[in-house]
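S.K.: The chain contents come next:
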Amino acid sequence: MSEDVEQKSGNWLGLVLRDAQFWVPVIVLAAGLLVLRWIS
Amino acid sequence: MIAAQPGVSSAPAPRAGLDPRRLRTLQNVGMLCGVSAGAWLGAAEAPTKLVTLGLSPVVISLSMVIGVFLARWTIPALIQGTSYVAADLRQAPHLIVWAVLAGCLWAVANTLTIFAVRDVGLSIAFPLWNSNSLLGIVWGVVFFGELRGADRRRWLGVIGGALLMFVGGTVLAAASAAQIPAKDAMRGVAAALAAGALWGTMYIPYRKAYLTGMSPLSFITFFTVGELGMMTALALTYSGGAAELWSQLSGAKHVLFWLLAGGFVWVVGDLFQQYAVKYAGITRGIPLSNTNQLWGLLWGILVFGELRSASSSVLAQVIGGSLVMAVGAGIIALSSVTRSEHARWEEAAVDEAKRYRVDTRYTRARIAGEDAGGKRRRTWIDWSVVAVATATIVAFALVARPPQIVLNGGWALLLVLATLAILVAAATALWRTTRFN
Numbered sequence: 001m002s003e004d005v006e007q008k009s010g011n012w013l014g015l016v017l018r019d020a021q022f023w024v025p026v027i028v029l030a031a032g033l034l035v036l037r038w039i040s
Numbered sequence: 001m002i003a004a005q006p007g008v009s010s011a012p013a014p015r016a017g018l019d020p021r022r023l024r025t026l027q028n029v030g031m032l033c034g035v036s037a038g039a040w041l042g043a044a045e046a047p048t049k050l051v052t053l054g055l056s057p058v059v060i061s062l063s064m065v066i067g068v069f070l071a072r073w074t075i076p077a078l079i080q081g082t083s084y085v086a087a088d089l090r091q092a093p094h095l096i097v098w099a100v101l102a103g104c105l106w107a108v109a110n111t112l113t114i115f116a117v118r119d120v121g122l123s124i125a126f127p128l129w130n131s132n133s134l135l136g137i138v139w140g141v142v143f144f145g146e147l148r149g150a151d152r153r154r155w156l157g158v159i160g161g162a163l164l165m166f167v168g169g170t171v172l173a174a175a176s177a178a179q180i181p182a183k184d185a186m187r188g189v190a191a192a193l194a195a196g197a198l199w200g201t202m203y204i205p206y207r208k209a210y211l212t213g214m215s216p217l218s219f220i221t222f223f224t225v226g227e228l229g230m231m232t233a234l235a236l237t238y239s240g241g242a243a244e245l246w247s248q249l250s251g252a253k254h255v256l257f258w259l260l261a262g263g264f265v266w267v268v269g270d271l272f273q274q275y276a277v278k279y280a281g282i283t284r285g286i287p288l289s290n291t292n293q294l295w296g297l298l299w300g301i302l303v304f305g306e307l308r309s310a311s312s313s314v315l316a317q318v319i320g321g322s323l324v325m326a327v328g329a330g331i332i333a334l335s336s337v338t339r340s341e342h343a344r345w346e347e348a349a350v351d352e353a354k355r356y357r358v359d360t361r362y363t364r365a366r367i368a369g370e371d372a373g374g375k376r377r378r379t380w381i382d383w384s385v386v387a388v389a390t391a392t393i394v395a396f397a398l399v400a401r402p403p404q405i406v407l408n409g410g411w412a413l414l415l416v417l418a419t420l421a422i423l424v425a426a427a428t429a430l431w432r433t434t435r436f437n
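For the protein sequence lines, the chains are B and U, in the order given.
Under our numbering, the first residue of the first sequence is numbered 1, with each subsequent residue one higher.
Under our numbering, the first residue of the second sequence is numbered 1, with each subsequent residue one higher.
Calculated directly from the structure, the hints in this document are not laboratory data.
Please note that a few of the clues may not be correct.
[As the list claims (entries may be wrong)] Computed Cβ-Cβ distance ranges for the label pairs, DEER-style:
(1) B:N11 <-> U:N408: 53 to 63 angstroms
(2) U:H254 <-> B:G14: 17 to 27 angstroms
(3) B:G14 <-> U:R90: 13 to 23 angstroms
(4) U:E347 <-> B:A20: 50 to 60 angstroms
(5) U:W246 <-> B:S40: 33 to 43 angstroms
(6) U:V406 <-> B:R18: 51 to 61 angstroms
(7) B:R18 <-> U:S312: 52 to 62 angstroms
(8) U:S309 <-> B:G14: 35 to 45 angstroms
Think of the CB as a built atom: it goes at the ideal place given N, C-alpha and C, for glycine as much as any other residue.
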């Protein structure tokens, strides 16, 4: 029940940040920006 | 909570797995979407040839993204209505973050491809950034249970096909060394491979969204916020500020329409790619959509006269490498999903729904391509979106001039007609089977 409340009350951002899979694209994005800076 | 709606299975009971016929139909539709995505994504790269006119890569990418932004709001508004999008987002609001992140990945990757096309050419850059499918397969297996429960033949098909694609890409990369200076080649190859890594990782948000149940038409509306935001930041950074960027955009106003059009075409391809991911999975849908490499090759050689001065051995390398990659993609695509593998997908979907507290009935309905109660209706907001987008495109078209680049009109017309025919076939099948869910 408390879990349902968490999603409905907008704390889904916390769920995203605690999801380990979220950090994979974040790291790849940062690496891509570094490559872009190098080649441009 | 899912609202009940007459005539649709708005709250289906939990089930062991999809009906085999329904699963096969969804698979076929996913495959067809993958083929259509290949044609449209390939056609969309043609405007990047304008880079030879001396435009800045970030100006080209920003202009394409503006076209992309217009298309990503116009198409959902026309097909489903923004109220349907809003209903989808209420079911899974966390996907807004994932969509924006995916949009950021797309924008950086797209900018990198412009650099790659400039430095190594369309024919070479395409297969290199199409390495994204290899990475996508890894993420699909590791994170989303794809290929789990599949038999040895399917594993061999996917892994063998991936290896063939790698060999084909290597042959094409080797061909680049004979065409261009080493320094430019290294930068171009790095840009193309980095774009492949970004796009390959972008399938993580895609798959999360579609396992959860969101309609691709809903996902792309927030996806594009990330795209436009990231692209604007990149353009401001690499152009030397707002005044300089505006000056460059003003100076390029006569060709901006073509880039906007390229972005619009890309969205159609990307939308089909998203449906391919949803119904065929990353491991099958993405390799199939990467046949855009062949379409890019056709556009590059037949329409723009690329490789005209290349030696016969280089030409043989490019064509041979492309064919090997295409065969690899075909083998992967033919390794269809079995019921036991699909059951693993459904488990992954339920896990995703539990992790983010999403109603599992919504998730189960949508993974089967069924409606989940959202109402399709158009309001004044939808018509306003369409009107603004149309006015913007018309305004750019009025000041557009034909690009100063030599192209073969006959081949261009033939490719356009073929691309439109594939669109009609795929859209009809998608509508009949899933109502674009």
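S.K.: Determine for every hint whether it applies to the structure shown.
M.R.: These are the hints, each one checked on the structure:
Taking the beta carbon of each, N11 of chain B and N408 of chain U are about 57 angstroms apart, inside 53 to 63 angstroms as hinted. Against the hinted window of 17 to 27 angstroms, the Cβ-Cβ separation of H254 of chain U and G14 of chain B comes to about 49 angstroms, which falls outside the hint. At about 18 angstroms, the beta-carbon gap between G14 of chain B and R90 of chain U stays in the expected band of 13 to 23 angstroms. E347 of chain U and A20 of chain B have their C-beta atoms about 18 angstroms apart, which leaves the hinted 50 to 60 angstroms range violated.
One distance hint, 33 to 43 angstroms for the beta-carbon pair W246 of chain U and S40 of chain B, is violated here, with the actual separation near 19 angstroms. For V406 of chain U paired with R18 of chain B, a C-beta distance near 55 angstroms keeps the hint of 51 to 61 angstroms intact. At about 57 angstroms, the beta-carbon gap between R18 of chain B and S312 of chain U stays in the expected band of 52 to 62 angstroms. Separated by about 58 angstroms at the C-beta atoms, S309 of chain U and G14 of chain B break the suggested range of 35 to 45 angstroms.
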